[in-house]
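Undergrad: Each chain, letter by letter, is given below.
There are 2 protein chains.
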Amino acid sequence: MSFFVSLSGPGDRRIKRLLDIYMDVNYHLTSQARVCDSKDRNCMRKSKQEAAVTRQHIIKAAAEEFRKNGIAGTGLSDLMAAAGLTHGGFYRHFDSKDQIVAEACTAAAESLVEQLAASASKKSPQRGLKTIVEKYLSAAHRDEPADGCPLAALGSEMARADEATRAAATEAFLKLVNVIAAQFGKVRPDVARRRALIVAPAMIGALTMARIVTNSELSAAILQQTEKHLTNL
Amino acid sequence: MSFFVSLSGPGDRRIKRLLDIYMDVNYHLTSQARVCDSKDRNCMRKSKQEAAVTRQHIIKAAAEEFRKNGIAGTGLSDLMAAAGLTHGGFYRHFDSKDQIVAEACTAAAESLVEQLAASASKKSPQRGLKTIVEKYLSAAHRDEPADGCPLAALGSEMARADEATRAAATEAFLKLVNVIAAQFGKVRPDVARRRALIVAPAMIGALTMARIVTNSELSAAILQQTEKHLTNL
Chain A
3 MSFFVSLSGP
13 GDRRIKRLLD
23 IYMDVNYHLT
33 SQARVCDSKD
43 RNCMRKSKQE
53 AAVTRQHIIK
63 AAAEEFRKNG
73 IAGTGLSDLM
83 AAAGLTHGGF
93 YRHFDSKDQI
103 VAEACTAAAE
113 SLVEQLAASA
123 SKKSPQRGLK
133 TIVEKYLSAA
143 HRDEPADGCP
153 LAALGSEMAR
163 ADEATRAAAT
173 EAFLKLVNVI
183 AAQFGKVRPD
193 VARRRALIVA
203 PAMIGALTMA
213 RIVTNSELSA
223 AILQQTEKHL
233 TNL
Chain Z
3 MSFFVSLSGP
13 GDRRIKRLLD
23 IYMDVNYHLT
33 SQARVCDSKD
43 RNCMRKSKQE
53 AAVTRQHIIK
63 AAAEEFRKNG
73 IAGTGLSDLM
83 AAAGLTHGGF
93 YRHFDSKDQI
103 VAEACTAAAE
113 SLVEQLAASA
123 SKKSPQRGLK
133 TIVEKYLSAA
143 HRDEPADGCP
153 LAALGSEMAR
163 ADEATRAAAT
173 EAFLKLVNVI
183 AAQFGKVRPD
193 VARRRALIVA
203 PAMIGALTMA
213 RIVTNSELSA
223 AILQQTEKHL
233 TNL
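First to last, the protein sequences are chains A and Z. Per this note's numbering, the first sequence starts with residue 3, numbered consecutively. Per this note's numbering, the second sequence starts with residue 3, numbered consecutively.
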């Protein structure tokens, strides 16, 4: 059974995507042919460097889009558009959406942990924990998920993700646990780690709930009570 | 620009959906006409009762599907299929997907809180808290999200949901907070509530992280450390 359908409907995305990929591949091949000849090593190295820069740029944009709109809620064309690129170029850099979800999670976690570690680095151990907990449970972090912790922004979706994404999320979680454990000063390392295994999920849960609830006083109380409790651990 | 497309592609879902709705409406009208005449009040009441039962049945199936596959990951046809019904029938009972997400969240939270309250009801206050925390942070709860807490199963997606769904999630959270606060015995009500505002998000965060991590020892340690900590509050 066949009939006429115009190109404006959502059903024609497959065709648009094929056209997109065709145009991107075509552009890539012709621009490479124009600039490089096959024995010009400098040129090939430069092209590889550019590809690596573009790849990092896509990961950064994707990490923001996923944290803003969710994993299922972000299409490949959305994240490529956020990076200022066409959809078709995606497959020159990544094999699948799962792959970029995992890499975006890793990049977002590294950025978060670096910020937390930097803010705690000049403090005494107990002050360091307080600084981390305050920063993580701040209203600013609650209101800016796109720039925040990927585990709070994507937690329930990550629990359903593929093995590689869950592995990346596990590494992200352990980085957060380690930076917290480092704040317990003279406490034995295994004790510090056990305490950090309480602090990290409690912060993630409190931030998630503070984002969900519609009552702003309740939202503030969730952050405040957990902050007070964890800084006195 | 127009061309031929066969009916098997994903682009023809709109047409299939229209056919589905047409067939459902047609079935409904003809079966009503067959069984009832317009002045038969008993028959109309029975039909309303049947619609209410079907509605509850759809909400129950939807609550399972959402907790299993996420909000964005569950289509209307998936949840209607899980209820053993055709997609088209959905709009006889609900205005939108948002509406059923909110109602499914409420139903799931009521079921969870009833179970927790029942398991704590025969215990002394401090034992009641221990029972709730143990039950919530059990391996069984971790491994059965479809039958568990909607806030842990859908938390990060709910933070991005519409106002009505977030309001339903807020109510769900407050029910959980209240059942926990009731376990603090002779403590002043405002103190009990503040403690419960620490316990509930900590449990939600720990369960979410225990589901995400790929290392089973780490997953067990997250549940165990948070359980031990919260039961000694």
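It should be emphasised that the hints constitute simulated quantities derived from the structure, not laboratory data. Where hints are given, some of them may not hold.
Where chains are identical, the list cannot tell them apart; a pair therefore holds if satisfied intra-copy or between any two copies.
[Unchecked claim] Restricting the straight-line Cα-Cα distance to at most 27 Å, the calculated cross-link-like pairs of lysine-lysine (DSS-like) are:
id, residue 1, residue 2
1, K62, K125
2, K132, K48
3, K230, K50
4, K188, K50
5, K188, K230
6, K230, K177
7, K230, K62
8, K125, K99
9, K125, K188
10, K137, K230
11, K48, K124
12, K177, K124
13, K48, K188
14, K99, K70
15, K99, K124
16, K48, K70
17, K50, K70
18, K230, K132
19, K70, K124
20, K188, K70
Small disclaimer: the values here were computed from a predicted structure and weren't measured.
Undergrad: Looking back at the numbered hints, which does the structure fail to meet, lowest number first?
TA: Checked against the structure, the hints that fail are numbers 1, 2, 3, 4, 7, 8, 11, 13, 15, 16, 17, 19 and 20, while the rest are satisfied.
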